[in-house]
Amino acid sequence: MRIPEDPYSSVAIIDDILLKDIVHDITTGALLLESDDETLDMMLTQIWEMRDQLHMLGVIIGEA
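Following the numbering used here, the numbering of the sequence shown begins with 1099 at its first residue and continues without gaps.
Hints are computed from structural coordinates only; laboratory data are not their basis. Ideal Cβ placement from N, Cα and C applies to all residues, glycine included. Be aware that one or more of the hints could be misleading.
Label pairs and their in silico Cβ distance ranges [claimed, not checked]:
{"id": "1", "residue 1": "Ile1111", "residue 2": "Ala1162", "range": "17 to 23 Å"}
{"id": "2", "residue 1": "Asp1113", "residue 2": "Trp1146", "range": "15 to 21 Å"}
{"id": "3", "residue 1": "Glu1132", "residue 2": "Ser1107", "range": "28 to 34 Å"}
I would like the entire structure built from these sequences, with the hints used as guidance.
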């Protein structure tokens, strides 16, 4: 097994993949329809905290 020179580069790649999948689930509605209450609460909190970054990725977040 080869150890990467910069272990944080692997973390950044995984983080990017996860973020793209989460954005896809948000925009298609899968997150809302397929998540249990606890997961949905956690994700909505994170969406609110990351709203500027998600907006740059194309997610439309309404504010009331």
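Is it true that the C-beta distance of Ile1111 to Ala1162 lies inside 17 to 23 Å, as the hint says? Violated, since Ile1111 and Ala1162 (Cβ atoms, about 36 Å apart) do not stay within the stated range.
Tell me if the beta carbons of Asp1113 and Trp1146 are separated by a distance inside 15 to 21 Å. At roughly 19 Å between Cβ atoms, Trp1146 and Asp1113 fall inside 15 to 21 Å, so the hint holds.
The hint says 28 to 34 Å between Glu1132 and Ser1107; measuring C-beta to C-beta, is that right? With a Cβ separation near 31 Å, Glu1132 and Ser1107 satisfy 28 to 34 Å, so the hint holds.
The structure shown violates just one earlier hint, number 1.
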